[in-house]
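**Student:** Listed below, chain by chain, are the residues.
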Amino acid sequence: MAEKWTVTFLINRQKDGVEPHFESFQLEVNPDEYVLDAIERVWAFHDRSLLFRHACHHSTCGACGMRVNGVEKLTCITTIRSVTSDGGTVKVEPLRNFPVVGDLVVDMTRLYARMEMVKAPSVIPLDEAPKPDTSVFDIKPDHDAPDDMIRLVDCIECGMCVSACPVPLTTPEYLGPAVLAGAHLRGLDNNPSLLELVDGPNGVWRCHSAFECTAVCPSNVEPGWRIMDLRKQVVKKRFQRLFGRGG
Amino acid sequence: MATAQTDPHARSNFWKWFDAFRRAPGMWAYALNRLSAIGLTVYLFMHLIVLRTLTEGPQAYDDFVALVKSPVFVFGELVVVIGGVYHGLNGLRVALTAFGIGVPYQKHMFYAVLIITAVVSLVFGIHMFTA
Amino acid sequence: MLERSTAPKAGENTWLWLLKIISGVLVIVLLFVHLVVNHLVPTEGLLSYEEVIAYVTTPGIALMEMTFLVVVVSHSLIGLRSIILDLNPSPGVLRVVNWVLTLIGVAAVVYGIWLMQMLVAQAA
Numbered sequence: 222m223a224e225k226w227t228v229t230f231l232i233n234r235q236k237d238g239v240e241p242h243f244e245s246f247q248l249e250v251n252p253d254e255y256v257l258d259a260i261e262r263v264w265a266f267h268d269r270s271l272l273f274r275h276a277c278h279h280s281t282c283g284a285c286g287m288r289v290n291g292v293e294k295l296t297c298i299t300t301i302r303s304v305t306s307d308g309g310t311v312k313v314e315p316l317r318n319f320p321v322v323g324d325l326v327v328d329m330t331r332l333y334a335r336m337e338m339v340k341a342p343s344v345i346p347l348d349e350a351p352k353p354d355t356s357v358f359d360i361k362p363d364h365d366a367p368d369d370m371i372r373l374v375d376c377i378e379c380g381m382c383v384s385a386c387p388v389p390l391t392t393p394e395y396l397g398p399a400v401l402a403g404a405h406l407r408g409l410d411n412n413p414s415l416l417e418l419v420d421g422p423n424g425v426w427r428c429h430s431a432f433e434c435t436a437v438c439p440s441n442v443e444p445g446w447r448i449m450d451l452r453k454q455v456v457k458k459r460f461q462r463l464f465g466r467g468g
Numbered sequence: 105m106a107t108a109q110t111d112p113h114a115r116s117n118f119w120k121w122f123d124a125f126r127r128a129p130g131m132w133a134y135a136l137n138r139l140s141a142i143g144l145t146v147y148l149f150m151h152l153i154v155l156r157t158l159t160e161g162p163q164a165y166d167d168f169v170a171l172v173k174s175p176v177f178v179f180g181e182l183v184v185v186i187g188g189v190y191h192g193l194n195g196l197r198v199a200l201t202a203f204g205i206g207v208p209y210q211k212h213m214f215y216a217v218l219i220i221t222a223v224v225s226l227v228f229g230i231h232m233f234t235a
Numbered sequence: 002m003l004e005r006s007t008a009p010k011a012g013e014n015t016w017l018w019l020l021k022i023i024s025g026v027l028v029i030v031l032l033f034v035h036l037v038v039n040h041l042v043p044t045e046g047l048l049s050y051e052e053v054i055a056y057v058t059t060p061g062i063a064l065m066e067m068t069f070l071v072v073v074v075s076h077s078l079i080g081l082r083s084i085i086l087d088l089n090p091s092p093g094v095l096r097v098v099n100w101v102l103t104l105i106g107v108a109a110v111v112y113g114i115w116l117m118q119m120l121v122a123q124a125a
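Residue numbers (our numbering), protein chains in the order written: chain A, 222 to 468; chain F, 105 to 235; chain Z, 2 to 125.
Worth flagging that the hints you see were computed from the coordinates, not collected in a lab.
Take these hints with a grain of salt, some might be off.
Said to hold, decoys possible - Short derived list, chain F residues pointing at chain Z, Cβ under 10 Å:
id : residue
1  : 141
2  : 150
3  : 155
4  : 165
5  : 174
6  : 176
7  : 192
8  : 195
9  : 199
10 : 208
Claimed, not checked - BS3-like mimics (lysine-lysine), calculated; alpha carbons at most 25 Å apart, straight line:
id : chain 1 : residue 1 : chain 2 : residue 2
11 : F       : 211       : F       : 120
12 : F       : 120       : A       : 312
13 : A       : 312       : A       : 236
14 : F       : 120       : A       : 236
15 : A       : 458       : A       : 340
16 : A       : 340       : A       : 225
17 : A       : 457       : A       : 340
18 : F       : 211       : A       : 453
19 : A       : 340       : A       : 453
Ideal Cβ placement from N, Cα and C applies to all residues, glycine included.
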């Protein structure tokens, strides 16, 4: 017998001409189901006009990022148990810092366009992009890996880091954690044109070390650390240029 | 389709800087740092301006000193001390992580900053009101 | 293809940020010195006019206090600029802001030097 909870979902509704407001849906749920499952059920059995995005349902596509009780979550892997209790409420809102298309769907164009702009890689060599101090990222193949062994990059472009960051709140031009992390992966050494971009007025210096991006990233990208590391690289490059390439 | 969330000129967004409730400690650190920065700047310029009384002779300065010994001002000074200690310590944390030192421990550093600020505030508070 | 950015040249912000961090560390050091020699060393903690005059004529004090002033004003104004940047000013507004902040900074330091010089003169 599966456990059954009664949970009220307060879902943000808005469309062109309809001001944002919450609508309440009471559901009987299994607490080990995911928030996304509940949203789907609302759509299927309660209100077919609910707009939301979903695709893979296993945290690799980045489509289902939303704010659950005010905090960014990937709803396909967020259990109802982790965000509420029996008889409780769950508030579901779209991501912050992106234009809202309707209900829970936001326009992510800006993010994708900027990832293109920094040519954020989608695959990297197997042993690259580790984060220091964490053995999780010490990728050591069991055998002598051929040089061309590669893996998919961690970032799933879900936009949750952008939503959580305080800077785009007032400055949409800020490149943002995902894009700066992508630039970091691309690397300044091989791509000098990136320097002007990340050292520009909306690049690495706008970060205020809130580390919210790292806190909400569902995919171990660690954008906070990457921005800091990128800063070090930028300073090094600036000093090099000042003293004429390597002093 | 600019909503308050994406309209950079929306007044309400300014207050969202301090919307740290239920978010990660780093957000609190940033909000408090910003708040203390504004407060300390106000204090700095006030401090510079009141020092002018020194040029108006001993009487003017003595009057001023008598004023700042009153409880309201002493309390105000305590607030400045708390803000200053927090801002300085968290600033060190920001400086360290900005150079890549201790990034995995940024949360721990923040808690240490809070604890030290609390202890120093307590010590100063007791000292200021019993001296 | 992206929105126009708030105009300053690339690289400018690197140096400003470095200045902010360095001045921040110097503030911590100098503030400590300032508080010790202001409140712990003199008997009345500089709360009497005579003590202040004796203090400003002590060798090295004027230099320390002026350095402290420059460093703390720089840190404060660069920090203020960051906060203003977050309010997304247009390039024109930002240029004005830069000038105003610079002027305030220069004025504060000039005022400090004038004040120090006045007090040293009053000791004579």
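**Student:** Hints first: check each against the structure and report whether it holds.
**Tutor:** Going through the hints against the structure:
1. 141: 5 Å, holds
2. 150: Constraint on residue 150 of chain F not satisfied, violated at 12 Å.
3. 155: Since the shortest Cβ distance to chain Z is 6 Å, the answer is holds.
4. 165: 5 Å, holds
5. 174: 13 Å, violated
6. 176: It is violated, given that the least Cβ distance between residue 176 of chain F and chain Z is near 17 Å, above 10 Å.
7. 192: Result: holds, 5 Å to nearest chain Z Cβ.
8. 195: Given a least distance of 5 Å, the restraint on residue 195 of chain F holds.
9. 199: Holds, because the Cβ-Cβ distance from residue 199 of chain F to chain Z comes to roughly 5 Å (cut-off 10 Å).
10. 208: Not OK, violated: residue 208 of chain F not within 10 Å of chain Z, min 20 Å.
11. F:211 - F:120: At roughly 21 Å apart (the allowed maximum being 25 Å), residue 120 of chain F and residue 211 of chain F satisfy the hint.
12. F:120 - A:312: Satisfied, since the Cα-Cα distance of roughly 18 Å is no more than 25 Å.
13. A:312 - A:236: Distance of about 18 Å is within 25 Å: holds.
14. F:120 - A:236: With Cα atoms ~23 Å apart, residue 120 of chain F and residue 236 of chain A stay inside 25 Å; holds.
15. A:458 - A:340: Holds - the C-alpha atoms of residue 340 of chain A and residue 458 of chain A are around 20 Å apart, at most 25 Å.
16. A:340 - A:225: 47 Å, violated
17. A:457 - A:340: 22 Å, holds
18. F:211 - A:453: Satisfied, since the Cα-Cα distance of roughly 21 Å is no more than 25 Å.
19. A:340 - A:453: This hinted pair holds, its Cα atoms lying about 20 Å apart.
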